[in-house]
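**Student:** First to last, the sequence lines map onto chains A and B. As numbered in the UniProt record's numbering, residues 1 to 530 make up the first sequence, in order. As numbered in the UniProt record's numbering, residues 1 to 530 make up the second sequence, in order.
Some clues are possibly wrong.
Since copy identity is lost for identical chains, a pair holds within one copy or between any two.
[What the hints assert, rightly or not] Each computed DSS-like pair below joins lysine-lysine, with the alpha-carbon atoms no more than 30 Å apart: (1) K46 with K169; (2) K206 with K169; (3) K409 with K169; (4) K342 with K67; (5) K409 with K324; (6) K474 with K415; (7) K458 with K474; (8) K424 with K409; (9) K285 with K458; (10) K474 with K206; (11) K409 with K369; (12) K409 with K474; (13) K369 with K285; (14) K27 with K474; (15) K27 with K458; (16) K223 with K206; (17) K415 with K369; (18) K332 with K415; (19) K285 with K46; (20) K46 with K458; (21) K74 with K253; (22) K253 with K206.
These are calculated hints, taken from the structure and not from any lab test.
So the chains spell out like this:
Protein chains: 2
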Amino acid sequence: MPPHGNVTFLLLFSIVFLSWRICHGGKILVVPAEGSHWVNMDILIKALHSRGHYVDVVRANKSWYIKDDSPHYKTITVPGTDAFNPDFVNPILKRMIDIERRGSSLLSFASLLVEFSNTMINMHRIMCKMVTGMFEDKDLMNSLKEREYDLVLNDPVGGTGIMLAHALKLPLVYNVRWITSGEGHLAIAPSPLSYIPMTGSGLSDKMTFMQRITNQIFYVIWKAQDVFLVDPQYQAVCDKFFSPEVRYSDLLKGADLWLMRVDFVFEFPRPTMPNVVYMGGFQCKPAEPLPAHLEEFVQSSGEHGVILMSMGTFVSELPADMTKEIAAAFAKLPQKVIWRHKGDRPASLGNNTLLVDWMPQNDLLGHQKTKLFVAHGGTNGLQEAIYHGVPIVGLPLFSDQYDNLLRLKERGGAKILTLNAVDKDDNFLKAIQEVLNEPSYRMNMQRLSSLHRDTPMKPLDTALFWIEFVMRHKGAAHLRTESYRLPWYSYHSVDVVLFLAGAVLLVLCTIFLSIRCLYSTICKRKAKRD
Amino acid sequence: MPPHGNVTFLLLFSIVFLSWRICHGGKILVVPAEGSHWVNMDILIKALHSRGHYVDVVRANKSWYIKDDSPHYKTITVPGTDAFNPDFVNPILKRMIDIERRGSSLLSFASLLVEFSNTMINMHRIMCKMVTGMFEDKDLMNSLKEREYDLVLNDPVGGTGIMLAHALKLPLVYNVRWITSGEGHLAIAPSPLSYIPMTGSGLSDKMTFMQRITNQIFYVIWKAQDVFLVDPQYQAVCDKFFSPEVRYSDLLKGADLWLMRVDFVFEFPRPTMPNVVYMGGFQCKPAEPLPAHLEEFVQSSGEHGVILMSMGTFVSELPADMTKEIAAAFAKLPQKVIWRHKGDRPASLGNNTLLVDWMPQNDLLGHQKTKLFVAHGGTNGLQEAIYHGVPIVGLPLFSDQYDNLLRLKERGGAKILTLNAVDKDDNFLKAIQEVLNEPSYRMNMQRLSSLHRDTPMKPLDTALFWIEFVMRHKGAAHLRTESYRLPWYSYHSVDVVLFLAGAVLLVLCTIFLSIRCLYSTICKRKAKRD
Numbered sequence: 001m002p003p004h005g006n007v008t009f010l011l012l013f014s015i016v017f018l019s020w021r022i023c024h025g026g027k028i029l030v031v032p033a034e035g036s037h038w039v040n041m042d043i044l045i046k047a048l049h050s051r052g053h054y055v056d057v058v059r060a061n062k063s064w065y066i067k068d069d070s071p072h073y074k075t076i077t078v079p080g081t082d083a084f085n086p087d088f089v090n091p092i093l094k095r096m097i098d099i100e101r102r103g104s105s106l107l108s109f110a111s112l113l114v115e116f117s118n119t120m121i122n123m124h125r126i127m128c129k130m131v132t133g134m135f136e137d138k139d140l141m142n143s144l145k146e147r148e149y150d151l152v153l154n155d156p157v158g159g160t161g162i163m164l165a166h167a168l169k170l171p172l173v174y175n176v177r178w179i180t181s182g183e184g185h186l187a188i189a190p191s192p193l194s195y196i197p198m199t200g201s202g203l204s205d206k207m208t209f210m211q212r213i214t215n216q217i218f219y220v221i222w223k224a225q226d227v228f229l230v231d232p233q234y235q236a237v238c239d240k241f242f243s244p245e246v247r248y249s250d251l252l253k254g255a256d257l258w259l260m261r262v263d264f265v266f267e268f269p270r271p272t273m274p275n276v277v278y279m280g281g282f283q284c285k286p287a288e289p290l291p292a293h294l295e296e297f298v299q300s301s302g303e304h305g306v307i308l309m310s311m312g313t314f315v316s317e318l319p320a321d322m323t324k325e326i327a328a329a330f331a332k333l334p335q336k337v338i339w340r341h342k343g344d345r346p347a348s349l350g351n352n353t354l355l356v357d358w359m360p361q362n363d364l365l366g367h368q369k370t371k372l373f374v375a376h377g378g379t380n381g382l383q384e385a386i387y388h389g390v391p392i393v394g395l396p397l398f399s400d401q402y403d404n405l406l407r408l409k410e411r412g413g414a415k416i417l418t419l420n421a422v423d424k425d426d427n428f429l430k431a432i433q434e435v436l437n438e439p440s441y442r443m444n445m446q447r448l449s450s451l452h453r454d455t456p457m458k459p460l461d462t463a464l465f466w467i468e469f470v471m472r473h474k475g476a477a478h479l480r481t482e483s484y485r486l487p488w489y490s491y492h493s494v495d496v497v498l499f500l501a502g503a504v505l506l507v508l509c510t511i512f513l514s515i516r517c518l519y520s521t522i523c524k525r526k527a528k529r530d
Numbered sequence: 001m002p003p004h005g006n007v008t009f010l011l012l013f014s015i016v017f018l019s020w021r022i023c024h025g026g027k028i029l030v031v032p033a034e035g036s037h038w039v040n041m042d043i044l045i046k047a048l049h050s051r052g053h054y055v056d057v058v059r060a061n062k063s064w065y066i067k068d069d070s071p072h073y074k075t076i077t078v079p080g081t082d083a084f085n086p087d088f089v090n091p092i093l094k095r096m097i098d099i100e101r102r103g104s105s106l107l108s109f110a111s112l113l114v115e116f117s118n119t120m121i122n123m124h125r126i127m128c129k130m131v132t133g134m135f136e137d138k139d140l141m142n143s144l145k146e147r148e149y150d151l152v153l154n155d156p157v158g159g160t161g162i163m164l165a166h167a168l169k170l171p172l173v174y175n176v177r178w179i180t181s182g183e184g185h186l187a188i189a190p191s192p193l194s195y196i197p198m199t200g201s202g203l204s205d206k207m208t209f210m211q212r213i214t215n216q217i218f219y220v221i222w223k224a225q226d227v228f229l230v231d232p233q234y235q236a237v238c239d240k241f242f243s244p245e246v247r248y249s250d251l252l253k254g255a256d257l258w259l260m261r262v263d264f265v266f267e268f269p270r271p272t273m274p275n276v277v278y279m280g281g282f283q284c285k286p287a288e289p290l291p292a293h294l295e296e297f298v299q300s301s302g303e304h305g306v307i308l309m310s311m312g313t314f315v316s317e318l319p320a321d322m323t324k325e326i327a328a329a330f331a332k333l334p335q336k337v338i339w340r341h342k343g344d345r346p347a348s349l350g351n352n353t354l355l356v357d358w359m360p361q362n363d364l365l366g367h368q369k370t371k372l373f374v375a376h377g378g379t380n381g382l383q384e385a386i387y388h389g390v391p392i393v394g395l396p397l398f399s400d401q402y403d404n405l406l407r408l409k410e411r412g413g414a415k416i417l418t419l420n421a422v423d424k425d426d427n428f429l430k431a432i433q434e435v436l437n438e439p440s441y442r443m444n445m446q447r448l449s450s451l452h453r454d455t456p457m458k459p460l461d462t463a464l465f466w467i468e469f470v471m472r473h474k475g476a477a478h479l480r481t482e483s484y485r486l487p488w489y490s491y492h493s494v495d496v497v498l499f500l501a502g503a504v505l506l507v508l509c510t511i512f513l514s515i516r517c518l519y520s521t522i523c524k525r526k527a528k529r530d
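Modelling step: build the complete structure from the supplied sequences, incorporating the hints.
**Tutor:** Pasting the structure below:
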């Protein structure tokens, strides 16, 4: 057989073997995050399961959102580990809401920063404990190795999955918006601070000079948090179980594929990378019929329609005085209101308002009677509002929620009320009325909806294609630059520019000295002759 | 009717009208470039026509490749204008080949640079004359306005279409790899010179310190050519017909969509932007059966198979001594050779070699008997070789050809012979034998082929989707940053960093002076007391 024959045979065999492997489903190890992050990871898992893949999910012993084995996955529970849960999260969030309500002063900003930093430290401590627990459990690690997964699917808001993928030598795919050190793009794509607003800064992509200064300061704060609070915790785990040459930040940046939970209908346009795939709104789907009692309530709204209100998974209770104000405002409206609310029933609640523990949010947002969505600004809810073209009144509580809402405000689809303004001067009622009565809000959200839906492939299908692509090719090295391995001064060509500037200076000095030398020689000769 | 009713009606009407417009086909004004660039624009035009769109093509009076009206398009011929044609191009190219054959010295590099700059100046002069001719012809411009095109589809290697789109206030879509000032990405995406090699530098994405210095120097040369030779020509046209506030470089960067003629199987991974869509290899398709005489010739090669050789559309003739050497090398091989060659029949030609004026390159590359492709390194040919998984011996002549071939060499699919080495020491024969006998070349090209073909949509369908997307939404503003409108010092945050550094210095100085003041006061008091 000529050499090419061998090659072709080998190649054909590999293709057939790979096809067989993928047709019969791959094996995926999922390392998710808690809370609302799990909600959308679960959607991906269900879709992967329905395509014949086998899924194992790593979770903490005291998990909050991640239920035990389901028809779609098996769990690998790490003994003796905590996770984010309401008892852990809610007191911190309540303190943060309290601080925010005091208004924006340097003191409240500093208090918020300290509270936020503490939360970050604690969160990453939990993650480090979890991954340490796994690495120390030889039996667990051996059994994971023996299962021969095809890839690790990870939400990198914590670093557990990143180090696990390295230990198991597996391709790594992110379901990501946040990484351990901030917004995901910051780690992988060039991010000029002149038009890329930092999370928490409350800035858009069009900034004045003073706003650009604020943005730069926020960047320094983020960077400092990463360098001093986050990175060292994970690096310590790397040092212990791998070697000091293995940099945690390199592992983080070296993922094969980044499935980003945004699209550019929502996010400001910005530089990106070939291995970043946008799947914003992958959880959205057409509305299904409502349960009979809800449909009856919705229909009873007549031509005025319905307002929805939900503050997301993390905060089920707002401060009592605020809920009272909100309930009173709703009571003055001709619309019907469905409010996801878990606390005491506010005394000022009107007959037009239905309190619910849970609501089929997507189906309600897609109902033609729905006129407005009062939201806290979590990405899941906002993407659903974009998908269904429903305008928003935003009540951001903490984290990225203001920044998320700002993206819709800038496109004319949302109005934002900060926490310290909600219960003053009928602000809440006025905001609702403005968004209901000014047609541009709805028009803009429907324009965003038409842009968002106009894609060659559905975002979920795109995500599934690329996850399977990484399985088929055992990674996606051709899409990934390794520029992050360069030291910062080389990456930014500081060394080259200094060298060239030095060379130019040297040439100029040589010319100057030569001319001076020549000149003085001529002068001397002239003096001798004279 | 309530306000929302009005909005919904307006929106529905717009959607119905747009759908009707698109279903019945849009109107596209194509401003192409000459030579091989036209070959792939023509493929896009045919595909657009087959989807029911009406296409007009702007061409020069003395056009080379762009034929008069076809079943797929009508031409708008601009009177009194030249275009690139063999008489214009070939003498320059022959001079450039002569210089290259002398080997790489500083003198030959400088001569090449001068020759290349002259070519650029002349090329852009032709384009400027063409667009000036159009703008001065009021009847032509009025008729173009009256036709109400949906968009301009342009190859921005020249600036004609860019200014035409601005004058007609139309969305602008590029079919692009090169812009008037270099590789397309340089104008739109951040391009750190530490790992993005400049065209002509012959560097890859992994560079030593000295190579990074070379790369920086190449960047300065490119930038200088743009600033001093290219931009002023087009800016003069802008000044004359628009206003000095309209910057040509802003118009160039402001296109709605960039359909890039590469993909990341071919191109090194690098930062990109949301409005850049990769359609590399959109011209590739499965091989069709060969004409009977060619099939017979190919089959006569037996187990040894066939070698193809083509030097592209621009250079049909190689220097006589070189063709003699190449023919003699081919004669020593057991393979059959099909050589696209237009000059005199070399005396050393063997019986195994068939000279042809033209060949069905795609069908031959896709034939199972084809073992190797001797190519000049034009993108079209290389993309076809990737698609069919055929290894390459590259003979780069000029322009980007060496850099293109380098991308395949780095992936182990090609061997490159520079012009000054072809006819020495049996180099050509040895290169052919190496690529034929070393299985890794074929294996690597087949791996690239499988990566290239593994996409959720065919590149041509992707391109068509996005062209129609721009028609449906009258642009793609949400995918485009307007950061290029910032002055360079703001874009790179130089002003912000200087301001903050100044502020920190001021604070430090104030503290220092206060301490000194305090210290001297204390000292004085002490002295008084003493």
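**Student:** Evaluate each hint against the coordinates.
**Tutor:** Verification of the hints:
1. Proximity of K46 and K169 under a CA criterion of 30 Å is satisfied intra-copy only: 25 Å inside one chain copy versus 47 Å between copies.
2. For the identical chains of this complex, K206 and K169 are inter-copy neighbours only, at 24 Å across copies versus 42 Å inside a copy, given an alpha-carbon limit of 30 Å.
3. Within a single copy, K409 and K169 get their C-alpha atoms only as close as 44 Å, which misses the 30 Å cut-off; across copies the closest is 28 Å, which meets it.
4. In this homomeric assembly, K342 and K67 come within 30 Å of each other (Cα to Cα) only inside a single copy, at 21 Å, whereas the closest approach across copies is 72 Å.
5. Taking identical chains as interchangeable, the C-alpha atoms of K409 and K324 lie at most 30 Å apart only when both belong to the same chain, with a minimum of 26 Å there against 70 Å between chains.
6. Taking the closest pair of Cα atoms, K474 and K415 come within 30 Å of each other only across two copies (27 Å); inside a single copy the shortest separation is 46 Å, beyond that limit.
7. Taking the shortest Cα distances, K458 and K474 sit within 30 Å of each other both inside one copy (24 Å) and across copies (22 Å).
8. In this assembly of identical chains, the alpha carbons of K424 and K409 lie at most 30 Å apart only when taken from the same copy (21 Å versus 68 Å across copies).
9. In this homomeric assembly, K285 and K458 come within 30 Å of each other (Cα to Cα) both inside a single copy, at 10 Å, and across copies, at 26 Å.
10. In this homomeric assembly, K474 and K206 come within 30 Å of each other (Cα to Cα) only across copies, at 23 Å, whereas the closest approach inside a single copy is 41 Å.
11. Taking CA atoms no more than 30 Å apart as the test, K409 paired with K369 passes inside one copy only; the shortest distance there is 22 Å, against 61 Å between copies.
12. Proximity of K409 to K474 under the C-alpha cut-off of 30 Å is restricted to the inter-copy arrangement: shortest distance 22 Å between copies versus 42 Å within a copy.
13. Taking CA atoms no more than 30 Å apart as the test, K369 paired with K285 passes inside one copy only; the shortest distance there is 17 Å, against 49 Å between copies.
14. When the C-alpha separation of K27 and K474 is checked against a cutoff of 30 Å, the pair qualifies only within one copy, where the shortest distance is 12 Å, while the shortest distance between copies is 44 Å.
15. Both within a single protomer and between protomers do K27 and K458 lie at most 30 Å apart by alpha-carbon distance, with minima of 24 Å and 28 Å respectively.
16. In this homomeric assembly, K223 and K206 come within 30 Å of each other (Cα to Cα) both inside a single copy, at 22 Å, and across copies, at 27 Å.
17. In this assembly of identical chains, the alpha carbons of K415 and K369 lie at most 30 Å apart only when taken from the same copy (20 Å versus 66 Å across copies).
18. Taking the shortest alpha-carbon separations for K332 and K415, only the intra-copy value of 19 Å comes in at or below 30 Å, while the best inter-copy value is 78 Å.
19. In the homo-oligomer, the alpha carbons of K285 and K46 lie at most 30 Å apart inside one protomer (14 Å), although the nearest pairing across protomers, at 36 Å, exceeds that limit.
20. Taking the closest pair of Cα atoms, K46 and K458 come within 30 Å of each other both inside a single copy (16 Å) and across two copies (27 Å).
21. For the identical chains of this complex, K74 and K253 are intra-copy neighbours only, at 28 Å inside a copy versus 50 Å across copies, given an alpha-carbon limit of 30 Å.
22. For the homomeric pair K253 and K206, the shortest alpha-carbon distances inside one copy (28 Å) and between copies (18 Å) are both at most 30 Å.
Hint violations for this structure: none, all hints satisfied.
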